[in-house]
Amino acid sequence: MSNAERTMEIFGVTEEELKKLISVALSSGGDYADLYFEHSISNELNLRDSEVNGAGTHIDYGMGIRVIKGEGTGYAYTEITTMKEMERAAKTAAAIATSGVAKSPPAEISTPLFKERYKAEIPWDGISFADRIPTLVELNNLIFQSDKRVKKVLGKISDSNTKILFFNSLGILAVDERPMVSVAVTCIMQHKGKTENGSSSRSFRKGYEMLSKNLPQELAREVISRTSIQFEAKRPKGGEMPVVMGAGSSGILLHEAIGHAFEADFNRMGTSIFSDKLGKRICSEEISVVDDGTIYANRGSITFDDEGVVSQKTYMVKEGILNSYLHDRISADFYKTLPTGNGRRESFRFMPLPRMRATYMESGKSKEEELIASVKNGLYVNNFSNGQVQIGAGDFTFFVKSGYLIENGKLTSPVKDINIIGNGPEALRDIVGIADNSIIDNGTWTCGKEQYCAVSCGMPSVLVSKLTVGGN
Amino acid sequence: MEENIKNIVDRALEMAKNAGCSDSRAGAEISVQSSFSVRNNMLDRLNSSTGSTLFLQLFIDGRYGYYSTNRTDEKELKEFIGKAAEATKLIAPDHDRILPPKELLFKGETKDLGQFDPSYNQITPEEKREIAFQCSKEIFEKDPRIISTNCEYGDSLESYYMADTQGFCGESKQTSFSVSAECSAIDRDGAKPEAWWYESSMNFSSLEKEGCGKIAMERALARLGPRKMKSGLYNMVLENSVASRVVSPIISALNGSAIHQNNSFLADKLGMKLFPENLYIMDRPHLYGYEGSRFFDSEGLETKSMNIIDGGVIQNYYLNTYNARKLGMEPTIEGPSLLSLSLNNTFPTGIPKVTQKEVLNECGKGILVTGFNGGNSNSASGDFSFGVQGFYFENGIILHPIKEMNVTGNILELWNSLKISGDDPKRGSRWLIPTLMFESVTFNGN
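Protein chains in written order, with numbering that gives the first Met the number 0: chain A, 0 to 471; chain B, 0 to 445.
Hints are not guaranteed to be accurate.
Derived contacts from chain B toward chain A, CB cut-off under 8 Å, selection only [claimed, not checked]:
{"no.": "1", "residue": "Asp93"}
{"no.": "2", "residue": "Phe115"}
{"no.": "3", "residue": "Ser147"}
{"no.": "4", "residue": "Phe385"}
{"no.": "5", "residue": "Gly386"}
{"no.": "6", "residue": "Thr407"}
Rather than coming from a laboratory, the hints here were simulated on the basis of the structure. Every residue gets a Cβ at the ideal spot worked out from N, C-alpha and C, and that includes glycine.
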């Protein structure tokens, strides 16, 4: 039995039934239709008060039917995969089209071979809660042993395995199994009457092998460092200043400042600040920005996207030129180009939209020390919690949990709890130095555009000549 | 449908008992939703769905697990609950994980809270589509500076039933109808500020179907030509549609979990006067016709009318059974139901007398904040820094929009600079927060 046949058996459908559903979906004149089946099992284990005393398992099952007519979309889902219920959903979605000229379902079915982008070496379905517990206990112990100021530790392991069956009116039949695991920890310290907190996390598309011996040590070290620095940190004086963004998690700048504005739905609607900039220079030729769904085991990686399009590495900005938007099938058709494999969705309950995967900037030639040394008065930031953007106005923000003042070219006092705000196109133009240390941050990044989607981001250290810093 | 979810819940409790659980709680939710959206006067999206989920909490000799599934046929459910019980037995006991004290549970009949509109099933797809198109017609091609419009009609029906092994059972049913509009306008420099507006109601007949698009358009056009202002201290007026953003850190800090974990700037502050003496934050869960009203929380604890902040004094924490036991206190309720804020301990009803206009006039000059752009607050210290959008005003008159600015401070200090409150909360929200005016707040700009 092939992988596709095994997956169809899970959802209780045959090839003929898939074709029948596509036929119903196209019965009112839709241009295109797809079916997305999903069976997801997720687990979580919580540590609190030094005990692993909370556990949970969640099952989600269902299928969504999408019909596209022009740029319009009809969408319906059902949690019951009988033909009667699925046909009812197909008819509902079909109503986006009204021409009444039915299209034929695909005569042939093709099952493309996709390159493997992740695999659970030790699948989660054979792992009990008891197998997961030692990781959290060790993490808790390491944190308490490391610093007497630690009062509380909250730890969590979340893992999931999602089986996908996809079929569309082009005859593409694709199946996938998507593992994901995240380990997150929050530490609360008290010292001289003050309380501070810090968090750290790691997330990959991996199996049980993710819970390696090194992981608790790595997370404990990071969370202790992030929390303890807060006791020395102060709020800086606010206002416009140069900011050196540290390598890795500063990729949140890319995600918010330009990533969303490059998503092609905003561009085909003309509402993005970059919607008329394709092929034009938008920043220094030293800058190349990539959205990549092919990094092995990365949180943002996909074998194929949720429209059956192979995962890709897409240059959004190449040597300063706006090279490509991030496309789903609708926008690719609008721009008469090929989809870039960015059509993603939270689950079968949602229609796919252009979404980022792993978004990062390639390395430049400078050294981080040189960037810092070039700033007389400014800020160095390297730990963030959240961000947001206004697509049309271009104003983006990200919240800095911690960083340092730069005074006369040197890192001095720690700073914390400040929001930084800028304008996307201006901030890109204001990047005046790029270091040679680009790395991906493997924290639990989740994007919330209409629906949640796992992503990641990365960055070399960069110097932005001017951003507005919240402060006293 | 209601009978079906009751059956599922009762079966799940029985299966949990048979799997060795000393106690359990189960809840089932059925959600029906539909929406029609119209972009640039063309039908862009239609969405229709019915979903259901069974939630299950298992208590086995101090061990606790929480589970959910939408696979509820007899065989699969039995297997799922059996595995869940076995999994729960593997974790460490915590003897504070128990069902709530029986005497605090909601008992009796759920009275009508005016949250269900029986006409829900009579509204045709054509009517829904027409509402979205009518909204679109208010704005499409009405001004050359408007470059994109998106209008949506949406409705939903949520049915919920919960029971536990102590004999608690409760149910609720709520309909919701909404119209929303988004508009993008183009500025001379190519920037495309957007704005939105929405109206919602639990009754189809009282949904404000007209005017939503026009408000969104006016708000988008008003954002053209923004200026970045100098950093400094400004009076801040918060529009009622976004004022809850500065209430939220207080509510989070009053949550029992944050207090027990020492991760709250309001830990150990019960009974202390930390807010202005005329500030009242009330929870009134039994008022008819409000979305936040409810008779019980997710544990079955009976809701009650209470003041959270009373004359500036912290009067209550939000404590579920677990956190209350950890803190050696009595459970109150897990979180807010229908929240309201005022400076005179009265719940806002009727036509407001003090609206944004009056607040701006009385304030004189400052920044009117109409939206937030990111930012966050530190739960342990109350320090916050938020990106804002809005307008600079003088003599109560709006002069120009602002851009790329942050507002920064500490939540307690901010609330102690509260000078004026309107009585104009936006209806259709679970938190009824009026227009607020704070004096001398730090804004960061040029």
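Hint-by-hint comparison with the structure:
no. : hint   : result
1   : Asp93  : 4 Å, holds
2   : Phe115 : 23 Å, violated
3   : Ser147 : 5 Å, holds
4   : Phe385 : 6 Å, holds
5   : Gly386 : 4 Å, holds
6   : Thr407 : 4 Å, holds
The structure shown violates just one earlier hint, number 2.
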